[in-house]
Every structure is written in structure tokens, then in C-alpha cells.
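Spelled out, the chains give:
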Amino acid sequence: MLAYLARRITYALIMVVLVSFVGFLIIDLPPGDFLTQKLAELQSRGDRSAELRIAEYRARYGLDKPLLTRYWIWATHFITGDFGESFQYERPVSDLLSQRLMMTAVLAIATLAITWLVAIPIGVYSAVHQYSLGDQIFTTISFIGLGMPGFLLALIILFFAAVILKQDIGGLFSRQYQDAPWSIGKVIDLLKHLWIPALIGSVTGAAGLIRIMRGNLLDTLGQPFVEAARARGLPNRTVVWKHAVRVAINPLIVILGSEALPSIIGGNALVAMVLNLPTTGPLFVQALQTQDMYLAGTGLVFYTIFLLIGNLLADLALAWADPRIRLG
Amino acid sequence: MSEPLVEVKNLKVRFDVREGIIKAVDGATFTVHYGQTLGVIGESGCGKSVTARAILNMVPKPGKVVGGEILYHRRRPSENGSEVTEIVNILDLDPDGEEIRQIRGGEIAMIFQEPMSSLTPVYTAGAHITEAVTLHRLLPIRKVGDQMAETIQAHRRVSKQEAKEIAIEMLRRVGIPNPRERVDAYPHQLSGGQRQRVMIAIALSCQPDMLIADEPTTALDVSIEAQILDLMRELQEETNMAIMFITHNLGVVAEMAQEIVVMYLGNIVERASVVDIFYNPKHPYTRALLESIPRFGKGRRQRLTSIKGMVPDPFHLPSGCLFHPRCPHFMPGKCDRIEPKWTQVGDNHWVRCLLYEKE
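Protein sequences appear in the order of chains A and B. Taken in order, the first sequence gives residues 1 to 328; the numbers are from the numbering used here. Taken in order, the second sequence gives residues 1001 to 1359; the numbers are from the numbering used here.
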């Protein structure tokens, strides 16, 4: 077991290094860099000392050095917790991240909780009552949820809230609480705003999950062991939940692992941009667009790390849940 | 003959599917007696398994029982300690209700064709047995100082520890080596034969009055099959339970059963003791089945006899006698028009064939 863990962690580390390097390379690929844009911007404003200042920046950020050297400096600093400086915000990447990470995590966890609490029971209901009216309704809804992109749903909800309810629902806080210290009022205000992005994320997430849960459970309900359990005189509820769902849910553990943790850092960037949420998603999208090297690279590495941890945890959870894949 | 345990009378089961209606069972009548083994034989798809499931009132969807009754002579302890027999029509019970669930597993247990997948893969062998035992088995409470005979009236559920001990004991009885260790084995760690033994252990752990064995050895190899059959016979002698043994293997049923019913396309065509079926078969279908058994010393160059023709399409069943298109004794104008009735041709030997019907 320990040997297995050690091996998995070693592979993960190699993976992180590879991803960070390739990611760094790709971000650097487009011609020019962040400062070329900045220079053009300053010159267009008629700033005469622009050339000089840009050269200064270039030296400060190490952009005058070759790619490999830059990667080496960034990577070695990364290990010590210094992720470099964002060009655009002119602040350390770690500051920017820690500021937004909390809210992103809160939102991601809320979304996940709603998604699973809704999707699993509905999926089970749909499978057990296959082709019933309830199943048809849920199936229709889940197909709509699958087909509709999250940002479109966000736009629709924004429109309804603004035009019909006359409510400001963008962001995560009302204006008066934006910079206020934490208090009960601020928490309540957060909850008032949080449910909307959480709901949007859940609708799209739950739709797919319902389909998977329903399909898996239908397969399982057709298995001989379900009939055998019923023939032993177990009540229907026990047959469905203890025997069928318990087996049918195993593949979902993998989905939980590979989606849940990465979503804490990635979130749903498009929805977050539409709703103007202070989460990490929009931050990274912007960083990638403006070639804000260190911010974008750090985001990528964190996303990878979370994904790898998620997969490892999922594999461990799966082994715990399913004796067939337990290691000898 | 001993007392009847389950009487199936004119059972009719239909499957309403998109392409039409399948008469899976069309008027099955037979009786299972206490302590006896009834063999049900017939080719695949003739309604054997559906009949068995009807006895537990769990015909799979979209199947539906459309007629007949299944009378279960239920023995229960009465107020004064003796046993009374109460007759229940199983088909009248709510298929998800409390009463049928007590009967399923507790009084009529079933083992299935696919031992490989009849155990829930995430639970140990022991967990399956303890689950059944805690559900069905009650232990008598002996009151201290009470010397009257009715001390075994009060019952309680078995505890977890007791259930585990019962599980180990059951595994030992069905011949699983190292039962104390194997009780914690998961299904994938057991061989096919061992899994079927575990299924039998689950079925017998609640001391049922009747065991329905639906082709229990079809998926196993011949040596394991012999072991499982011996085991079932031994256990039957010990507990005096009835067995309904469903199979398409005539050799197996000859070894196991006292009485045999032969099914063809949802109909029972012949019903007799095992000796009569094998030495004095009446129905042309039964005869054809027996002739298609490979035999030693039958002349090497001879081809194995097979029943001519194919099983008819279940949506377009032949008129009259269902077997007439394949029957060597087909009487034109008669067999394809008249549905044969039950005719007695010997002591407890019944057949549905126009050859034996007297005008």
C-alpha cells in the first residue's frame, strides 16, 4: 500500500514538472510578450520614456533572459512558495490567488454539494421508476440541462433577476459588504448571492450526473444479484439502496475525484465572468489572454496538482468502496 | 405421497411486449410435496424459470400473472405450541408486502442459474448470510423458571455475533474449506462452485420449507455439478425440505427428483414419477427428449437423434396441440385443431396428448 502510494506520488511529481514546462512553453509561444503590448499602449499615449521604463520592467521580470533560464528561475522559486509576480496587477501571484481562492473553494464546494445531493436521488428514482411520468420529466429536464451552456443560463437568470426581481445579483457581495470585515450580515449577504452561481453550476453538473446514475443503476438492476437479493425477502428499499445503488455508484467516485478538486481552482470561468464573480477562473482566463506568464503558469500548475490529487483520492476511495479493485 | 406444500393450479403468465403477447406459462398445474423433489424439465424458454418466479410472486417485468392460483400450505406455530397449516394464495399477496417477504427466503428459498453474478460483488459471503439470517431467523427465548411447554412461543431476532456464527456453520455444512476465514471472502475471491455453495448456504441458513433450484449447476463443470447435487440431497435428507429442481439436463433430474413435470412452450405436457418418465414416457415430446440424450454403446456410427423442426415463434404459436408441427405421431385434422386435455394413463401419470384421449 505504502509502496503504491509512493509510486503514485512520484509519477504525480514528474507529471507536474512536465505540465509546468510544456505549459510555460505554450504560454510563451505567441510572438512578443506582455511588455510588447504595454509598450505599444504607452507609446500611443505619447509617453516618451516608455522605451526606457519597459526595458527596466524587462530586467525586473527577467524577460530579457532566454526561456529556459526564466523557467528555471520560476520553477526553483515556485518550490519555495514564491510564484513570481503578476505583470498586470504588479503584485505577487500568491497574494492574488489567496485573495480569490477562498471564495472559489466555497463556491465549488457549495456547487458540488447541491449537484450530488440532487443528482443521486433523482438518478436513482429515474432508474427505479423507468419510463414513469416522473422519469420522463426528469429526463427532459436533464437533457435541457445538458444541452444548455452554463453561461447562457447565467445570462437568463441575470436578466430575470435584474428586470423582474429588480435585484442586483452579480458578484458575491452587495456593495455595502464588499470591503467590510466578516460579520454575520456579510455571511448572510454571501449566501444570498452564492446560491445563483451554485445553482447554475449544479444544473449543468447534475444533468450529466443524473444520466450516468440512471444508466449505471439500470444496468445494475438487471444483474442476477439484484433478483437474488429480492428472492431473499429483502424489502425493495434495501434491495435498491444497499445492493444495487451501492454497486452502481462506484464509477461516479472517479467522476467526483477528477472533477471536484480541479473545479475548486478552475471553477466555471465562463459563468464566473458573466456573473462577475471574484473567483480564480476569470483571473486565469485573463492572464492567458495577456500573456501574464507567472500568473497563468501558476494557475496551470495548481490545476494540475489538484487534478492529480483528485485522481489519487478517487482511486483510493474506489479501492475502499469496491473490494474487486483493492490491491492484494 | 406426503403432504402438499405448494399447489400450482392453472398458472398463466403473459409477457406483453412491443411485438405482441408471449404466453410464457399457459396453464401450469402441479404440486410440490413436503420432503420431495419435483423436477421441472423442458428446453430453454419453455417457462420453467417464470413458473419458479411466480411461486415467489416476482415475475420479472413486463411479465404478468393473468390467471390461476398458487396455494401455499403454510405451516406456522399456533398459540398453544402446535403447528397449524394455513393456506395462502401467493398470487393474492402484495408483491412488495410484508407477508410475501417473510415467505421469500424465509420459507421458500431460491438459488439461481448464474452463481458467478448472483452475489452482490461488494459484500462478503458472510455478509450475505447474516443479512438473510437477521431478516428471517428467529431464536426461541427460554424463560427461566417457566416449565410449561409453550416456552418457545416468544421469539427474538438473532444478534450480529450469532448471525456470524450461523454463517460460519452454514459455510462449513456446504463444504467450504476454512469457513472461519472464507466467511470474509468477497465473491470474486471464490470459484464458481464455491459461489454456488455460498448461494445454497444463504438459501438454507433460514431453514426454508422449500428450495427452488433454477438450473443451479448449468454454469458449473461436471465434477462440481456432482458435488453440488450430492450436497443438495444430503441437506434435503437432514432438513426434510421440498425441492423444486428446474433443469434441462435429464441426467441430473433423474438423479434428483421423485416426480417430474415436462414443459413445452409454457404448457405442461406430461407429469409422472421419475420411473415412469424414464421407462414409460407417453408424450411424444418426452420421448423425443429422452431419445436425444447421448448414450454409451448406442452404435458409434449412428447419429444422435434430435427433435425435428424448430421451437415455434412464441408470437405465432401453432393451433391445437403446440407440439404437432414437430410430432412424429401427428394426426392431420386432429392434432392441429383440438387442444389436448389432461388424460390419466397410469398411477399418478398424466399426459396431454390426443393419442391417449378416448373419444
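No wet-lab data here; the hints were simulated from the structure. For every residue, glycine included, the Cβ atom is placed at its ideal position computed from N, Cα and C. Fair warning: there could be bad hints in the mix.
Unchecked claim - Partial list, computed: chain B residues near chain A (C-beta under 10 Å):
| hint | residue |
| --- | --- |
| 1 | Arg1053 |
| 2 | Gly1068 |
| 3 | Leu1093 |
| 4 | Asp1096 |
| 5 | Ile1103 |
| 6 | Arg1104 |
| 7 | Ile1108 |
| 8 | Phe1112 |
| 9 | Gln1113 |
| 10 | Thr1124 |
| 11 | Leu1138 |
| 12 | Tyr1186 |
| 13 | Met1331 |
Evaluation of the provided hints:
For the restraint placing B:Arg1053 at the interface with chain A, the shortest Cβ-Cβ distance is roughly 8 Å, inside the 10 Å limit, so the hint holds. Checking B:Gly1068 against chain A: minimum C-beta separation of about 21 Å lies over 10 Å; hint violated. Proximity of B:Leu1093 to chain A is violated relative to the hint, the smallest CB-CB distance being about 12 Å (cut-off 10 Å). Nearest Cβ of chain A to the Cβ of B:Asp1096: about 5 Å, under the 10 Å cut. The hint holds.
Taking 10 Å as the C-beta contact cut-off toward chain A, the hint placing B:Ile1103 at the interface holds, the least distance being around 7 Å. Restraint check, B:Arg1104 versus chain A: the minimum CB separation of about 4 Å is within 10 Å; hint holds. Nearest Cβ of chain A to the Cβ of B:Ile1108: about 9 Å, under the 10 Å cut. The hint holds. The criterion of a C-beta within 10 Å of any C-beta in chain A is met by B:Phe1112, whose closest approach is roughly 6 Å, and the hint holds.
Residue-level restraint check for B:Gln1113 holds (minimum Cβ-Cβ distance to chain A is 8 Å; threshold 10 Å). Evaluation of the B:Thr1124 hint against chain A yields a held restraint, the C-beta minimum of about 8 Å falling below 10 Å. A distance limit of 10 Å between C-beta atoms decides the matter here; for B:Leu1138 the minimum to chain A is near 13 Å, and the interface restraint is violated. Given the 10 Å rule on beta carbons, the hint for B:Tyr1186 holds: about 4 Å separates it from the nearest Cβ of chain A.
This hint is violated: B:Met1331 has a C-beta 42 Å from the nearest C-beta of chain A, more than the 10 Å allowed.
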